[in-house]
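Protein sequence lines correspond, in order, to chains A and B.
Here the first sequence is numbered in UniProt numbering, starting from 1 and rising by one per residue.
Here the second sequence is numbered in UniProt numbering, starting from 1 and rising by one per residue.
Don't take each hint at face value.
Unchecked claim - In silico DSS-like links for lysine-lysine, alpha-carbon gap of 27 angstroms or less: (1) B:148 x B:43; (2) B:379 x B:173; (3) A:171 x B:212; (4) B:148 x B:173; (5) B:386 x A:171; (6) B:212 x B:265; (7) B:43 x B:25; (8) B:25 x B:247; (9) A:171 x B:43.
Keep in mind that the hints were calculated from the coordinates and are not lab data.
Remember, predicted model here, so these are calculated numbers, not experimental data.
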Amino acid sequence: MAASISIVTVATSPAASQKQPPSSHRLPTVSASEALQELQTAGPEKISTTLPGLDAVLSGAIAEPTGGLERGKTNGASPLIISRLESALDRQTGATNDTGATSSNVGEYKKHFIHHRLPTLSHLLALILHPRPDFPSPGTTLLVIEEFHTLVDLDYPRVLFASSGKTQQQKWQAGRRYAVLGTLIAGLNKLAVLNNLAIAVTTGCASRVRTDSGLGSALVPGVGGGEWEGGVWNRLVIFRDFGCRFVGVQKSGGRILISREQIGESGKVVCFTIDAHGALRQKGPAGSFAPEDLCRKVTRSPTKSRKRAIDEVADSEGEQSDEYGWAETDEDALTADGPGDEVMEPLPADTAGV
Amino acid sequence: MTNLLSVLPDFDIQPYAHILPSLEKALISTADLLTLDALDVAKRAHVPPGDVRRLAAAVLDGVHGSTLSVNGGGGEGEPGEQRGNDGSVLSQSKAISTLDDAFDAALCGGIAVGKLTELVGESAAGKTQFLLTLLLSVQLSSAHGTAKSALYISTEAPLPTLRLVQILEEHPKLSALPSDERPTMARVQSAHIHDLEAQDHILRYQVPVVIKRHNVGLLVIDSIAANYRPEFDRGKAKGSAAESFVKRSNQVTELGALLRHIAEKYNIAVVTANQVADRFATVVEPASQVPPSQQHTQKSQPTSPPYSTTHPATTAHGAGTERATTSPPTLSTDDPLSLDHQQRFFTGWGDDPHITNLKTPSLGLAWTNQLGARIALLKSPVYAVKPYGPGEEPEIEGWERRLRVVFGEWCGEGRVGFEIWRGGVRGIREGGEEARGS
Chain A
1 MAASISIVTV ATSPAASQKQ PPSSHRLPTV SASEALQELQ TAGPEKISTT LPGLDAVLSG
61 AIAEPTGGLE RGKTNGASPL IISRLESALD RQTGATNDTG ATSSNVGEYK KHFIHHRLPT
121 LSHLLALILH PRPDFPSPGT TLLVIEEFHT LVDLDYPRVL FASSGKTQQQ KWQAGRRYAV
181 LGTLIAGLNK LAVLNNLAIA VTTGCASRVR TDSGLGSALV PGVGGGEWEG GVWNRLVIFR
241 DFGCRFVGVQ KSGGRILISR EQIGESGKVV CFTIDAHGAL RQKGPAGSFA PEDLCRKVTR
301 SPTKSRKRAI DEVADSEGEQ SDEYGWAETD EDALTADGPG DEVMEPLPAD TAGV
Chain B
1 MTNLLSVLPD FDIQPYAHIL PSLEKALIST ADLLTLDALD VAKRAHVPPG DVRRLAAAVL
61 DGVHGSTLSV NGGGGEGEPG EQRGNDGSVL SQSKAISTLD DAFDAALCGG IAVGKLTELV
121 GESAAGKTQF LLTLLLSVQL SSAHGTAKSA LYISTEAPLP TLRLVQILEE HPKLSALPSD
181 ERPTMARVQS AHIHDLEAQD HILRYQVPVV IKRHNVGLLV IDSIAANYRP EFDRGKAKGS
241 AAESFVKRSN QVTELGALLR HIAEKYNIAV VTANQVADRF ATVVEPASQV PPSQQHTQKS
301 QPTSPPYSTT HPATTAHGAG TERATTSPPT LSTDDPLSLD HQQRFFTGWG DDPHITNLKT
361 PSLGLAWTNQ LGARIALLKS PVYAVKPYGP GEEPEIEGWE RRLRVVFGEW CGEGRVGFEI
421 WRGGVRGIRE GGEEARGS
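Make a model of the complete structure from these sequences and hints.
Written as structure tokens, this is what we have:
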């Protein structure tokens, strides 16, 4: 039994590209000129995040602060969210027609929100991998999946990889989490491309011990794995500090902006606050910063090793895990270095041979 | 299939009864069935592929049928999506008032229905007092004339009935109601849970029955962490400490999901009380402002604030977190995503540099991720102002209590001072009268 997560799909005016009727038995052909025209008149290709600095980092160019779709998240008050933005299409912004909501238009805008309740991971998989013909409804430009990690953790909880006494079945099951994530990310990408959508997935964080640098645990995305991280187009981490909230861009345009060795890096950051109505407002200059420019120089007290190994606070070097982290699972499972670096075996071959 | 009936409770398994045991043995779950090809599943479990295909199709149909989709514009029964556009306060049917205006303002109407809320604080911080008020308040929100009940599940001390009666008699809003509208003790059900296994069984199977039978509108669990602590002692022989922690995190995740499911399915509010443990923050000091000798002494205090007060660019912080608009926002540390640093912002203790006694709610990050809202009750001592002799401990005159909404799905953050009195808890207005002690 699980609590449901929400998927919200948002439609703008029906300027999106046409979809083929699913029950057509003919092979539909489109002439090249028609296809080109469709491309040019398609709906907004990029959805602004209302934070100009963030738009600039995500698109790599200075974006105009157009009044884009409001992205105040329903969980905006919770300080721990990592959100990933997969914009499958990255062309220049067309005219966006969702400006800031005036009170008379609010009713109109509400109609554009469709809310799906998904109690389990199986529901999500069915929705994405085997979609019904009416999903997503025509004109949808944004699909938001919230609190994704809760679904995944329920069906495939993290297991300590190195525990002994596993049967072959159990070993196979332990690897299923990452395999299913891989299938899902491929399905999401496909959905985004076919339907000209942007997909945003929000997840919470888990923590991981950083034994090499001697620092304490750091927050990492709650859903990981080589295939998932390779399939995500942009990744944003939202966190807080005294005075202001920050969005760090860890991956943009398919390129990873943070160093792979260091866990808990935040990438370029943009500062923002959430005002009383839930709208986001950027603070500080309009650009984005690398974190080194922002923070004051701090000296760190020299890291001390623990004087005594305590059983329940498994923090010593030998035991590689603590109350919050599962170092072994993640380090063993994250075998892939990233897209193109290592060829992952295709799924059917993997399972059929075992 | 290991979780078929929890995904689709109404699924008819008769036609597939012959292949289900083999699928279970091969540890195939519903999600696997939907992502893998039928041939691979059949090979793993040694069952005919045709049957697997039929099962997968049936599961897919069932799952599509049970996904609820609602258009956001139609109907008023959607508490979720309209939040971003208008900062509206929750209406009566969707929130349980705390019977105090200051608290309700901080919570944008009260404790939201359909969500999991946590109330965390040290012992004697006022959690139980707060919960008792909620037990009475939920009875006031009645739909269609049937009054709602409350279910109080205790894990430590049983329900303090005498105190509940006292609150019922002394609270101004409750005693002002006509007698037929007043809450009664008869509509407060209580139960006691002794250990973890009983907790799981009771929450999963018996609580839904009670909810339906008594029209329960509020489920209180006081406290949620108590049954976890004895289970993971050092004395456990088998399994390393790491394994038991992983197991506990998974259990906590399942518990959170179960409670949220109960809240959503039966449209009730679920409030859990939680305990705290002490926390020592790592010391990070700004360079070049603090002379090395002072640095040295500061290191020995594990909970000193992260930046020195001699730093000239620091504007006065006080209790607020807004910096002066002229100075650009800066990160206070070069390791912003470390757990220690971020814990200051989601535990309720630590983002005010004047509080040195940091606490962490029990059950960790896995539990925090499950919550819809966290309310922290902070308590700090007020020392008597009088001349002390050398070596004398300052005398504690009273306690200053604050309620903080740390995060919430339906409300922003806020804080209210409060006090405990005969009629329960009540908020203290800023700069208003403060009755110390009682």
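Results of checking the hints against the structure:
For the hint linking residue 148 of chain B to residue 43 of chain B, the alpha-carbon distance of about 53 angstroms lies beyond 27 angstroms, and the restraint is violated. Restraint check for residue 379 of chain B and residue 173 of chain B: the C-alpha separation of about 26 angstroms stays at or below 27 angstroms, so the hint holds. This hinted pair does not check out: residue 171 of chain A and residue 212 of chain B have alpha carbons roughly 42 angstroms apart, beyond 27 angstroms. Straight-line distance between C-alpha atoms of residue 148 of chain B and residue 173 of chain B comes to about 18 angstroms, which keeps the hinted pair within the 27 angstroms bound.
For a cut-off of 27 angstroms, the pair hint linking residue 386 of chain B to residue 171 of chain A is broken: about 67 angstroms separates their Cα positions. At roughly 11 angstroms between alpha-carbon atoms, residue 212 of chain B and residue 265 of chain B fall within 27 angstroms of each other, so this suggested pair holds. A distance of roughly 13 angstroms separates the Cα atoms of residue 43 of chain B and residue 25 of chain B; the hinted pair therefore holds under the 27 angstroms criterion. Restraint check: the Cα-Cα separation between residue 25 of chain B and residue 247 of chain B comes to about 22 angstroms, which is no more than 27 angstroms; the hinted pair holds.
Distance hint between residue 171 of chain A and residue 43 of chain B is fulfilled; the C-alpha atoms sit about 17 angstroms from each other, no more than 27 angstroms.
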